[in-house]
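**Student:** With the hints as a guide, bring both chains together as one complex.
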Amino acid sequence: MYSRLSISADVKNLPVLRHFIEETGARLEANHEAIECLIQAVDEAVTNIIIHGYRGGPGNIAIQMDREENALIVSLRDQAPHFDPTQIPHSDLTESLEHRQSGGMGMHLIRHFTDKVAYQVTPEGSNELTLWKKV
Amino acid sequence: MEITVTQAQGKVPVTIFHIVGDIAADTSGQLETQARQAIESGTRHLLLDLSQVPFVSSYGIRTISQIFTWLRDREGGEDDAALKKGLNDGTFMSCCLKIVNPSKRVREALSVTGIDMFLEMHNDMDKAIASFN
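Residue numbers (the working numbering), protein chains in the order written: chain A, 1 to 135; chain H, 1001 to 1133.
So here's chain H without its partners, still in its complex pose (with noise of 0.2 Å):
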């Protein structure tokens, strides 16, 4: 797997992860230790671009799931029962981390598994970097 780093500018500072591979567990670790040292170094809103990754599994969900917390807790914001109860009520969105551009399959997985229930999902890059705010 292979990730590429760009900065775009919206109403805030995004951090734009390319990532071309497959997300599983032979890989997943890279994807965490590039995620933990962009927020150490000040990344706030994070981007992941998708297009290219025709698979991922549990393990790279549950990677995503890891980067959502980390960028979570940097921002502050609602506690774990008030993040519960948006999740169930369909209130709460992840105003830091979002995707854009999954495949069919991989968007596919991502509901299965409800990651989409606080993670937007994009189909341009250009309206997912003016998202964030």
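Isolated chain A, as found in the complex (with noise of 0.2 Å):
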């Protein structure tokens, strides 16, 4: 049985969005491990969409939790410009931080702490990524 959450673009609802998935994956019965890599990985992509995507301004982000046999699986809406973060050229770790591409390290944190990511544009026009951790 899946949660749902659903945020206005604005870092101050990321603390809301930590408990969600820290309560929502407990209650689903995932291991500590995995849920602490998924709210690493989930705070970075809608951090991402609220910086990048909506620009700071205005704008819904809608969260949705399940899992599937061994894992769990988080997908983020959102009706900011189209984007494919997947896309995202991995990081240069000995490239200074500060010139490292925005977002860049925030993408290379999510491909680290989950087995899976994959996007897409759902026939409503939204941007739709869905990130995969294996309990």
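Take the hints with a grain of salt, since some may be wrong.
Stated by the list, open to error - Examples of chain A residues toward chain H, derived with CB under 8 Å:
(1) Val11
(2) Lys12
(3) Leu14
(4) Pro15
(5) Arg18
(6) Glu36
(7) Ile39
(8) Gln40
(9) Asp43
(10) Glu44
(11) Thr47
(12) Met105
(13) Gly106
(14) His108
(15) His112
Claimed, not checked - Below, in silico cross-link-like pairs of lysine-lysine (DSS-like), each with a Cα-Cα straight-line distance of 27 Å or less:
(16) Lys1104(H) to Lys12(A)
(17) Lys1104(H) to Lys116(A)
(18) Lys1104(H) to Lys1127(H)
(19) Lys134(A) to Lys1104(H)
To be verified - Pair ranges (Cβ atoms, derived):
(20) Tyr119(A) to Pro1054(H): 26 to 36 Å
(21) Met1117(H) to Asn70(A): 26 to 36 Å
(22) Glu1040(H) to Gly125(A): 43 to 53 Å
(23) Lys1104(H) to Glu23(A): 15 to 25 Å
(24) Pro1054(H) to Lys12(A): 12 to 22 Å
(25) His19(A) to Gln1037(H): 21 to 31 Å
(26) Tyr119(A) to Ala1081(H): 29 to 39 Å
(27) Asn70(A) to Lys1104(H): 15 to 25 Å
(28) Ala1082(H) to Glu68(A): 46 to 56 Å
Hints listed in this document are in silico derivations from the structure and should not be mistaken for laboratory results.
Every residue, glycine too, gets a C-beta built ideally from N, C-alpha and C.
**Tutor:** Structure below.
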């Protein structure tokens, strides 16, 4: 049984998001390590939507979390301009942190802390990013 | 997020930020402001106590990197090219900013983003303080 959360695109809502992932992960009986990894990945993804997608302007982000067999699945939907974050190049760790592409470090962490990431544009025209984490 | 500041005396005076809470896009500005104020007030050696920090996002990591840059600018020393060479061959470590007691997950995030290439991470407070010179 999935859980849903809807937040406005404001970094002040990130604690609510992190708490939602933690509580839902526990309710879905996932191990603590997997939950921590998803908190990291989802926070990064939603922060990118707020700052780079909506560019700090108004908007909404819908989060849905579920468990299928041995994986937690989180999908994020937003109405910001279409952008596929899975196409962001991998970070160059020798580059100084302030010179790395903004959002690139976040995607680097998302890739590390999840087992699979997928992007699509929904029939309604929303961005949808889905993250999988084995439990 | 809350930050409590203490001072310790090792070989040199060390300012310690005891941070409680997540360091993410919603809170990293607070850390940045407090660090800048400390540096402008004379702090030259800063130790970040992350023992009570469950989570650090890329925004927190970027803030930590900014603090490193501010302290490095005050200290002088090698130029950017020498720094990059030192990072590539593993010989450079920051003299002025260090981290103590990161959790396993926070240490992993710092490692994945390469920040452990130039910031020492300690598991013992006394040894961390003594490592500044």
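**Student:** For every hint, state whether the structure bears it out.
**Tutor:** To see whether the hints hold, each was checked on the structure:
no., hint, verdict
1, Val11, "holds (4 Å)"
2, Lys12, "holds (6 Å)"
3, Leu14, "holds (5 Å)"
4, Pro15, "holds (6 Å)"
5, Arg18, "holds (7 Å)"
6, Glu36, "holds (5 Å)"
7, Ile39, "holds (6 Å)"
8, Gln40, "holds (6 Å)"
9, Asp43, "holds (5 Å)"
10, Glu44, "holds (6 Å)"
11, Thr47, "holds (5 Å)"
12, Met105, "holds (4 Å)"
13, Gly106, "holds (4 Å)"
14, His108, "holds (7 Å)"
15, His112, "holds (5 Å)"
16, Lys1104(H) to Lys12(A), "holds (26 Å)"
17, Lys1104(H) to Lys116(A), "holds (22 Å)"
18, Lys1104(H) to Lys1127(H), "holds (19 Å)"
19, Lys134(A) to Lys1104(H), "holds (19 Å)"
20, Tyr119(A) to Pro1054(H): 26 to 36 Å, "holds (28 Å)"
21, Met1117(H) to Asn70(A): 26 to 36 Å, "holds (34 Å)"
22, Glu1040(H) to Gly125(A): 43 to 53 Å, "holds (48 Å)"
23, Lys1104(H) to Glu23(A): 15 to 25 Å, "holds (21 Å)"
24, Pro1054(H) to Lys12(A): 12 to 22 Å, "holds (18 Å)"
25, His19(A) to Gln1037(H): 21 to 31 Å, "holds (30 Å)"
26, Tyr119(A) to Ala1081(H): 29 to 39 Å, "holds (38 Å)"
27, Asn70(A) to Lys1104(H): 15 to 25 Å, "holds (22 Å)"
28, Ala1082(H) to Glu68(A): 46 to 56 Å, "holds (51 Å)"
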